[in-house]
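Listed below, chain by chain, are the residues.
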Amino acid sequence: MNNLPLLSLIIFLPLLGAIIIMLFIKKEQVKTIKMFATGVAFLDFLISLPLWTNFNDSEAGFQFVEKASWIPSIGVSYYLGVDGISVLLILLTTLTMLISIVCSFTAIKEREKEYYVCLLLLGTGMLGTFLAIDIFLFYVFFEVTLVPMYFLIGIWGGTRKLYAAIKFFLYTLFGSVLMLLGILALYFFNMKSGTGTLTFSLTELYVVGPKIPLSLQVWIFLAFFIGFAIKVPMFPFHTWLPDAHVEAPTAGSVILAGILLKMGTYGFVRFVLPLLPEATQLFVPFMVLLSIIGIIYGALVAMAQTDIKKLVAYSSVSHLGFVMLGVFALNEQGLIGGQLQMINHGISTGALFLLVGIVYERRHTREISEYGGLSKQMPIFTVIFAITMLSSIGLPGLNGFVGEFLILIGAFKKSYVYAAFAVIGIVLGAAYMLWLFQRVFFGKLENPKNENLPDCNLREILYLAPLVILMFWIGLYPKPFINKMEASLKRVVKIVDQNEASKKVAIIQDRISKVSVKN
Amino acid sequence: MQQVVIPDILFSLAFPEISLAILIGIVLIFDLFVSPEKKSLVGAVSLIGIVVVLYFTLTQWNIGPKTTFSDFYIVDNFSVFLKSTILICAALTVLMSIDYIKVEKINYGEFYAMLLFSVFGMLVLVSANDLMTLYLGIETMSISIYVLVAFMRNDVLSREAGFKYFLMGAFASGILLYGIALLYGYTGNTSFTAIAKVLSSSNVNSIVSQPVLILSVILLVGGFAFKMALAPFHMWLPDAYTGAPTTVTAFMSVAVKAAAMAVMVRLFIIVLPTLSTRWTVLFWVLAAATMIWGNVAAIAQKNLKRMLAYSSMSHAGYILMGFVSCFSINNGKYIFSDFNVSSVLFYLGIYLFTNLGAFGMLIWMCQEGKRGDQIEDWRGLGQSHPWFGMCFVIFLLSLAGIPPTAGFVGKLYLFAAAIQNEFYWLAVIGILTSAISMYYYGRVIMVMFMEPAKDPNVPFEFSRASSLICTLVILLSMTLYLGLFPDSFINITKLSASSLF
Numbered sequence: 001m002n003n004l005p006l007l008s009l010i011i012f013l014p015l016l017g018a019i020i021i022m023l024f025i026k027k028e029q030v031k032t033i034k035m036f037a038t039g040v041a042f043l044d045f046l047i048s049l050p051l052w053t054n055f056n057d058s059e060a061g062f063q064f065v066e067k068a069s070w071i072p073s074i075g076v077s078y079y080l081g082v083d084g085i086s087v088l089l090i091l092l093t094t095l096t097m098l099i100s101i102v103c104s105f106t107a108i109k110e111r112e113k114e115y116y117v118c119l120l121l122l123g124t125g126m127l128g129t130f131l132a133i134d135i136f137l138f139y140v141f142f143e144v145t146l147v148p149m150y151f152l153i154g155i156w157g158g159t160r161k162l163y164a165a166i167k168f169f170l171y172t173l174f175g176s177v178l179m180l181l182g183i184l185a186l187y188f189f190n191m192k193s194g195t196g197t198l199t200f201s202l203t204e205l206y207v208v209g210p211k212i213p214l215s216l217q218v219w220i221f222l223a224f225f226i227g228f229a230i231k232v233p234m235f236p237f238h239t240w241l242p243d244a245h246v247e248a249p250t251a252g253s254v255i256l257a258g259i260l261l262k263m264g265t266y267g268f269v270r271f272v273l274p275l276l277p278e279a280t281q282l283f284v285p286f287m288v289l290l291s292i293i294g295i296i297y298g299a300l301v302a303m304a305q306t307d308i309k310k311l312v313a314y315s316s317v318s319h320l321g322f323v324m325l326g327v328f329a330l331n332e333q334g335l336i337g338g339q340l341q342m343i344n345h346g347i348s349t350g351a352l353f354l355l356v357g358i359v360y361e362r363r364h365t366r367e368i369s370e371y372g373g374l375s376k377q378m379p380i381f382t383v384i385f386a387i388t389m390l391s392s393i394g395l396p397g398l399n400g401f402v403g404e405f406l407i408l409i410g411a412f413k414k415s416y417v418y419a420a421f422a423v424i425g426i427v428l429g430a431a432y433m434l435w436l437f438q439r440v441f442f443g444k445l446e447n448p449k450n451e452n453l454p455d456c457n458l459r460e461i462l463y464l465a466p467l468v469i470l471m472f473w474i475g476l477y478p479k480p481f482i483n484k485m486e487a488s489l490k491r492v493v494k495i496v497d498q499n500e501a502s503k504k505v506a507i508i509q510d511r512i513s514k515v516s517v518k519n
Numbered sequence: 001m002q003q004v005v006i007p008d009i010l011f012s013l014a015f016p017e018i019s020l021a022i023l024i025g026i027v028l029i030f031d032l033f034v035s036p037e038k039k040s041l042v043g044a045v046s047l048i049g050i051v052v053v054l055y056f057t058l059t060q061w062n063i064g065p066k067t068t069f070s071d072f073y074i075v076d077n078f079s080v081f082l083k084s085t086i087l088i089c090a091a092l093t094v095l096m097s098i099d100y101i102k103v104e105k106i107n108y109g110e111f112y113a114m115l116l117f118s119v120f121g122m123l124v125l126v127s128a129n130d131l132m133t134l135y136l137g138i139e140t141m142s143i144s145i146y147v148l149v150a151f152m153r154n155d156v157l158s159r160e161a162g163f164k165y166f167l168m169g170a171f172a173s174g175i176l177l178y179g180i181a182l183l184y185g186y187t188g189n190t191s192f193t194a195i196a197k198v199l200s201s202s203n204v205n206s207i208v209s210q211p212v213l214i215l216s217v218i219l220l221v222g223g224f225a226f227k228m229a230l231a232p233f234h235m236w237l238p239d240a241y242t243g244a245p246t247t248v249t250a251f252m253s254v255a256v257k258a259a260a261m262a263v264m265v266r267l268f269i270i271v272l273p274t275l276s277t278r279w280t281v282l283f284w285v286l287a288a289a290t291m292i293w294g295n296v297a298a299i300a301q302k303n304l305k306r307m308l309a310y311s312s313m314s315h316a317g318y319i320l321m322g323f324v325s326c327f328s329i330n331n332g333k334y335i336f337s338d339f340n341v342s343s344v345l346f347y348l349g350i351y352l353f354t355n356l357g358a359f360g361m362l363i364w365m366c367q368e369g370k371r372g373d374q375i376e377d378w379r380g381l382g383q384s385h386p387w388f389g390m391c392f393v394i395f396l397l398s399l400a401g402i403p404p405t406a407g408f409v410g411k412l413y414l415f416a417a418a419i420q421n422e423f424y425w426l427a428v429i430g431i432l433t434s435a436i437s438m439y440y441y442g443r444v445i446m447v448m449f450m451e452p453a454k455d456p457n458v459p460f461e462f463s464r465a466s467s468l469i470c471t472l473v474i475l476l477s478m479t480l481y482l483g484l485f486p487d488s489f490i491n492i493t494k495l496s497a498s499s500l501f
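As you go down the protein sequences, you meet chains A and B in turn. Quick note: the working numbering has the first sequence finishing at residue 519, numbered continuously throughout. Quick note: the working numbering has the second sequence finishing at residue 501, numbered continuously throughout.
Watch out, some of these pointers could steer you wrong.
[Claimed, not checked] Each pair of labels, with its calculated beta carbon distance range:
#: 1; chain 1: B; residue 1: 425; chain 2: A; residue 2: 413; range: 50 to 58 angstroms
#: 2; chain 1: A; residue 1: 452; chain 2: B; residue 2: 302; range: 45 to 53 angstroms
#: 3; chain 1: B; residue 1: 18; chain 2: A; residue 2: 213; range: 51 to 59 angstroms
[Unchecked claim] Which chain B residues face chain A? A few, computed with CB under 10 angstroms, are given here:
#: 4; residue: 218
#: 5; residue: 222
#: 6; residue: 485
Keep in mind that the hints were calculated from the coordinates and are not lab data. By construction, the Cβ of each residue, glycine as well, lies at the ideal position given by its N, Cα and C atoms.
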């Protein structure tokens, strides 16, 4: 059992499913396609559960490692592994994939075969991104996710789907090709001054990373920054997000917000912080500034929206600003909070998009003004929306609070100014969410079109339930989640802070020598 | 009485070219005996012949480097690799043409003979070890291609294309010849090995400042820039590529680049390394200009064939980027880099499959009286024929450099080569233009999959010729295979590159 290549199975099972659908199931057999896709996703979720149960919490390095030589002539290996940073993201990915497949049953009524094939291919790409330890392999999967998403937005999207699809593709492609320059610079530095061998594997590059001279580190940091900041998205590179989210079909938005955006933040924690510690320290004020702008700007713009989906899209910008703030606080609480908040955002914003999708399916409009007083007509829906909204705001007892609180501690430790601005963001977040909730659910049911809306049916409750359960679980008992992340993140903090520690040591030694000279 | 000395000629080394010449004779004579309806037999004969020549070429692997014909002709792994590439390109082109030239009503056996003539020129060019062989090869290759471009006699676009290409090509050959003459004038030798020896024996600084040599380099660069269609010497390219029969365009876009690149690598890296400070700058500018111009011009195109023509121009720019970065000066010593040369060879290899595939899709769409040349003609194809649509998507993604296709590995390799020798700005330009290129490739994908068909009741007409489908399957599988498992191919290119030094 231990010798099963579990990670490869997890990554390639959706691909296998997609190929089977492409080759063997005819496009008229829609029900078969849906059942099969659900089955594949459910199986994938099941085989990713051992990553939770058999995970060694105290191990900071990579577990379930699989390594095979792939392109030895340029130093590329097929190297997979999971550690505290990625394990929760993997589980989130498999769960989100299952949920998005189930939620599309009634939403997509044409070209279903291609749709489910695209979703499954997207799944393979996302899982591969989080599990790859070889940077080349990571980059391949990172780019592979762009193509199915492009098709998802462009074929099954809303009114401006063509514009949104190509904008999404080109914007993120632009970022990732610039990141490629940084990767290659790192790769050649390693060859010339590092281990002397051509290699892309992270375990070897982690050793070389801190040795890179600061000037080169800054350039590599900027290259990676462009690539990941566009993905997160950080201000001012966020303009592709509202279009992509609004025009994408529901499942596309859920996956985009839940997982694809996390690839950016994951990239920062996995690559930028450990490989370029000095440049990271140097850029902290810049990154914190952009994060805070993202938090506050995202929240303010969200408040001004009249389209529910666009509001949630901007709230994503705001929430991920929080995550980046936590990550660049560069201490244990900040990083754990940021990592946890990545998961929380995936759960709550994913749920928000699902809920918007439910009501869109019924009314085919997302304008807030079209709604009002829905709580009387759709009570179950209201309750679920309320829980999700409160989780998004960060109410204690739900998952959002744990993450935000840890991030605030981390930011406060760095500088109380950062925390002050972040707190403003929390307040604004509550403002636009509560206002949205009031306008849509409370008040009088004035619009006659809203009078006979059916409440959530069994399928919808079933796919929202896991997310709600998780919201309460992480909110009330976050310990198992935090335990998984602690060891690896502590190691990252140690690498980044090494320089700080050695600087402090140097200062202390300096003072000692001055004192001894005086005497 | 003076003694006549017969030079020692190893004919066995030239066996590929000799067998190809015999094949051309066979094809021409066979063509006389075949009735007009059965001209595809001539195609079959030439295909078998090319495979035989390919076999002879491959037997020359690892026997080199050896020269013959009093040093005019060299055989080494580098030449074997590029000759095989050109021969595979020719074989696939013949396979695609068998049905295509019937559709375009140019079903003459001379088509295959002309194709083989140009292949002959290319093979001679790849093995050239002398300025005269170089010119011989270039001219043989070019004149045959001029004829092929103008082959559709009844189509005014084709005639105009051929004439334009011929006129400008003749002019460029003249410039090239002038450069060759100046080089010969200074060094007193036409053989590459002899010139290299003469130039490296003298003081580098004095060489670099010699006006004759500088002028010679400029003219040589100009002549080759025309052949490779580098901006701003590329003006013939859009018209020639658009007007020519599509199989000829496909063949031209790959094989001419491969042959020209071969001789450029030999000439500039082996023969003229001492002048590298001169020609590196020139090629740097040409590469940057080509990448930018090609990609930007392709955005505006509505004709798919013209768009692919500009895209192949930009690919010449990427290949040149790998070539330019072959040199670095370290402590005053010139360092060759077989990493860079192998990146050029690798990209030529995968570009063969990708570009032939993209043009192959155009050929597939070409039927009686209706060519699928406009992008609009492809509207909605993805919905009615998803498999063919996906095939085209994979070729386009490979051209753009998106994983997991071969184009991605090739582009990565080229950028790595540029960064290794610290040509950072060139790499940045390459990367940004590569991202831009996704826009116009994406537009074709968009039109195919995301837009409804112009008229749902009018079915798409496309070729059902088994030869074409077979070719497309081969090209598609190679594009994906080389993208997922490029290792053995990279090793082959590394062996080929290292045989130069």
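Evaluated hints:
{"no.": "1", "hint": "425/B <-> 413/A: 50 to 58 angstroms", "in the structure": "violated, 41 angstroms"}
{"no.": "2", "hint": "452/A <-> 302/B: 45 to 53 angstroms", "in the structure": "holds, 49 angstroms"}
{"no.": "3", "hint": "18/B <-> 213/A: 51 to 59 angstroms", "in the structure": "holds, 57 angstroms"}
{"no.": "4", "hint": "218", "in the structure": "violated, 32 angstroms"}
{"no.": "5", "hint": "222", "in the structure": "violated, 31 angstroms"}
{"no.": "6", "hint": "485", "in the structure": "holds, 8 angstroms"}
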